[in-house]
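Chain by chain, the residues:
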Amino acid sequence: MIRPTQVPMRERDPRARTNTFDEVPFGYTSDEAREEAARCLQCRDAPCMNGCPVNIHIPKFIREIREGDFEAAIATIKQTNNLPAVCGRVCPQEVQCQAPCTLGRRFEPVAIGRLERFAADWESQHGVRVPEVAPPTGFRIAVVGSGPAGLTCAADLQREGHAVTVFEALHEPGGVLMYGIPEFRLPKRIVQGEIANLRKMGVAIEVNAVIGRTFTVDDLFTEGYEAVFIGTGAGLPQFLGIPGENFVGIYSANEFLTRVNLMRAYLFPDYDTPVKVGTTVAVVGGGNVAMDAARTALRLGAKRVMILYRRTEAEMPARVEEVHHAKEEGVELHVLVNPVRFRGEGGRVVEVECLRMELGEPDGSGRRRPVPVPGSNFVLPVATVIVAIGNQPHPLVPRTTPGLRVAGGGTIWTDEEGATSREGVFAGGDIATGAATVISAMGAGKRSAAAIHRSLTRSRGRA
Amino acid sequence: MVNMIRAKQPLGPNVVELVVEAPRIAARARAGQFVVVRLHERGERIPLTLADWDPGRGTITLVVQMVGKSTRELGERFGIGDTIRDVVGPLGSPSAIRRYGTVVCVGGGVGIAPIYPIARALREEGNEVIAVVGARTKDLLLWLDRIAAVSSELHIATDDGTQGVKGVVTIPLQEVLTARKVAHVWAIGPAIMMKFCARTCQEFGVPVTVSLNAIMLDGTGMCGACRVEVGGETRFSCVDGPEFPGDLVNWDLLLSRLGTFTDEERYALERYVAAQGGRL
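Protein chains in written order, with the numbering used here: chain A, 1 to 463; chain B, 1 to 280.
Pulled out of the complex, with its shape left as it was, chain B reads as follows:
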């Protein structure tokens, strides 16, 4: 049945992998695209970048960080055999996959999952893919086997040093950019991580593509909630992006707009948790 959850597994604390039946989306999905899901009749529309898809099986894979009310609900209350009310996509413009030479794919935290199909597509196109992944701690690293399978080198960084180098992803990124002639960098992760990756790449004069996680509503270009400034111009993440040249993004604006509904998000989460009889 369409939109039914076929598989589900935890990938770490508060991170869950879901395989969802969505044959139409799986048939057309390309690296860099996303879907919008709505859990139930009263649900909000949440954008989730595609982590994988299988046209043969007709499924898509989503990796969800359970941070707010809706993502917690999806991770905690939806299991195998449950159906998500609405799944629409694939949305957004696909990544510009072509032969660059040597490329670096940086994934931070839950951003490791959506960097995977981009790395895979770049590799299939004949690029040498160097992967850099990072997280706060070892338990939050995910899909290392998959990333390793599509890259020639895998560099790991954790904030607490529990795996790989101690520190943030820009440390190994810097090392790679120093040692190798890199044609292009992709970075997906928290906005602040992408901001610093973009800065590092700029220092080395290497073009960098980032995937922006702006607030979205329809996801099809109708509302402008996701507007960002790129090179001084207003663009819509949902249709003009979500990928943009990282060196041109107005990161402060993105971060500030991400906080538009902080109070409401907090309230909705507290209310949800209370209704579950649980704690935050």
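Extracted from the complex, chain A is given alone in its bound form:
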């Protein structure tokens, strides 16, 4: 008899957790993991694998967990995924591996993400095995950006025996995993642990190196790198473009979250970077970043945090779990609402004027287009506003790399393997696709790593 529901994952109490940046879910115990793993039907065609952008052999690692062979389980995962502790926490499993789960047709799908997280955490507690690295090939490869795409590409290439150097613009590697995703959702020690493993494999990481400023892509070739992978992400924050948006108290989500996550502003004044949150906070947007910002604002002492989203909850791009956690913690969802102007006093924002929306015909994204209701204007008092309506590809590398073809929305054009219009230059992740998920960026990093490896090996064959 199969258990119809997922083994629940224990979590910090919603009331207690808004006082702390500690991680919310505790993760499975060994027993819980084995019980959940036992729900897997071990389908021969493994539909779950089609939902995984990095093609983890899911039934195999789940079987290994069920059998209690956790070491084998993590080894299986790490054959194709070098950041399992991260993916187990931040992947939108409900629309990826868990969506096609056979069990999900009648019951809840297997909690694949929680099991992945369990295996990764088990390993970090029991000693991490650094993946074997092939003998040195003599090829040098530069990876630009140390987010999920860059780290994955670097790991795969290093494993093939190439000498990889990762260049990171900020003072700590990890990209969005460090500056964007909050501690309570992805503890920084986990990201740092994964990066330490990469270093143990021999990957060199240079921080404070802004490609496009400190060096250009062309400099990297001059320096002797034979291939360059660009994974500079979607770091350019979008604003609403409405009157009053530059009042003091209005942050981009990038600024707000970077202050708190990368710079540890929640520990001000022990850390030097400040962040200011008023009593009433409005977060504009409906994605994971909006949920992260809202929950962060609560933890910084806001009394009332409102999400303003122009569609309905059903259309929210955020993971279900994030919306659920935000609501549990007391974040108010104000849907079918769109800000039209901010009003300030003495230079600081005090009010946001909004319009009510209704859903019209489906738009290009397949979601029903929000249409303003004329004359429905209303005003909300706010002390802080966080704009979380998305990011665009970072323009620095495209602008400073001659011959690099730029596609729509400022993305770097690539073929399916990540090759750009420049010989030897590959790109992947948000810089090539526009803002997407951690795991899709990792998938792109993987594909480019394979393509770079093939092209270097081929070039040696010719020589």
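None of these hints come from the bench; they were simulated from the model. Just so we're clear, the structure is a prediction, and the values are computed from it rather than from any experiment. The beta carbon of each residue, even a glycine, is placed where N, CA and C say it ideally should be. Please note that the accuracy of each hint is not assured.
[Unchecked claim] The calculated label-pair distances, taken between Cβ atoms and stated as ranges, are:
| hint | chain 1 | residue 1 | chain 2 | residue 2 | range |
| --- | --- | --- | --- | --- | --- |
| 1 | B | Gly161 | A | Arg189 | 58 to 66 Å |
| 2 | B | Gln9 | A | Pro381 | 32 to 40 Å |
| 3 | A | Ser421 | B | Ala179 | 52 to 60 Å |
[Stated by the list, open to error] Computed cross-link-like contacts, SDA-like style, restricted to lysine to any residue with a CA-CA straight-line distance of at most 20 Å:
| hint | chain 1 | residue 1 | chain 2 | residue 2 |
| --- | --- | --- | --- | --- |
| 4 | B | Lys166 | B | Thr137 |
| 5 | A | Lys276 | A | Glu183 |
| 6 | B | Lys195 | B | Asn250 |
| 7 | A | Lys60 | A | Cys43 |
| 8 | B | Lys195 | B | Asp252 |
| 9 | A | Lys276 | B | Lys195 |
| 10 | A | Lys200 | A | Arg189 |
| 11 | A | Lys276 | B | Phe261 |
| 12 | B | Lys195 | A | Gly347 |
| 13 | A | Lys188 | B | Glu41 |
| 14 | A | Lys276 | B | Asn14 |
| 15 | A | Lys276 | B | Thr137 |
| 16 | A | Lys276 | B | Glu265 |
The hints should help you fit chain B onto chain A, whose structure is shown.
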């Protein structure tokens, strides 16, 4: 060693000159660019405009006014041989250096230092450079010898009249604009000084470039903390600037945004000073 302080000297009350080993930055630096430094593991990222650099020695020169917690810490607790945890750059778009004819470079207070490499680059490009510098008082004037070396005229103003004309930099600026046919003006200093320089230049119909000192976080275009309005459009000082046409800048907005964290800055400074057992 990279990021090590090679030389340090006071340039006046609460102003210090630091020469820092940063070969990668020195190799690529251009006039008008800046770096972001983070002093230590718990430090904030502070933007500092490059005052000079030496690709041969692999060093950059920073002139720091010790006004807040981090700049005081840098000036007071970091000495020769100490290493700054992070130095990143060169950031920002370089100054538009080309042949204009006769140009005026205005530097106010600690802004005299970053105007120097711009004046030098303009001079090397074949422009006649007229320099105007000012400060509250004589002791706060700095690098006059360097400025003199790259300009054909050096005009000085101090608020209290202890050196040069008594008053603000717009007085000599006005005189120069009246007497000479000037093609372009650069002004670097406190926001309020740049605002009035821009106004003066506007009256004379002379284009003016200013370097905005907005609050920054990453300094690479990722956060928008440094957004300013130029000609009614939102721009990021860190990547679109820091230099902008002065006549188009919304100065009130800049000044108001500079005050975003006034309370926190005050608190951090008081706490730092108390920990040093000193006074403000």
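task: Measure nothing beyond the straight line between the CA atoms of lysine 276 of chain A and phenylalanine 261 of chain B; if it is 20 Å or shorter, mark the hint as holding.
output: holds, 8 Å
query: For the pair supplied as a hint, lysine 188 of chain A and glutamate 41 of chain B, is the alpha-carbon distance within the 20 Å limit?
result: holds, 15 Å
- request: Could you grab the alpha-carbon distance between lysine 195 of chain B and asparagine 250 of chain B and see if it respects the 20 Å cut-off?
  value: holds, 9 Å
- prompt: Is the straight-line distance between the alpha-carbon of lysine 276 of chain A and that of asparagine 14 of chain B 20 Å or less?
  reply: violated, 28 Å
- prompt: Taking the beta carbons of glycine 161 of chain B and arginine 189 of chain A, is their distance inside 58 to 66 Å?
  reply: holds, 59 Å
- prompt: When you take the CB atoms of serine 421 of chain A and alanine 179 of chain B, is the distance between them in 52 to 60 Å?
  reply: Distance hint for serine 421 of chain A, alanine 179 of chain B holds at roughly 54 Å.
- prompt: Would the pair lysine 276 of chain A and glutamate 183 of chain A pass a check requiring their Cα atoms to be no farther apart than 20 Å?
  reply: holds, 18 Å
message: Checking one constraint from the list: CA of lysine 60 of chain A to CA of cysteine 43 of chain A, max 20 Å. Satisfied?
response: holds, 10 Å
query: Is it true that glutamine 9 of chain B and proline 381 of chain A lie within 32 to 40 Å of each other by Cβ?
result: Taking Cβ atoms as reference, glutamine 9 of chain B and proline 381 of chain A lie about 52 Å apart, which means the hint is violated.
- prompt: Between lysine 195 of chain B and aspartate 252 of chain B, is the straight-line Cα distance small enough, at 20 Å or below?
  reply: holds, 9 Å
query: Can the restraint linking lysine 276 of chain A and glutamate 265 of chain B be considered satisfied, given a maximum Cα separation of 20 Å?
result: holds, 11 Å
query: Is the hinted pair lysine 166 of chain B and threonine 137 of chain B satisfied, with a Cα-Cα distance of at most 20 Å?
result: This hinted pair holds, its Cα atoms lying about 10 Å apart.
This entry does not satisfy hints 2, 9, 14 and 15, going by the numbered hints stated previously.
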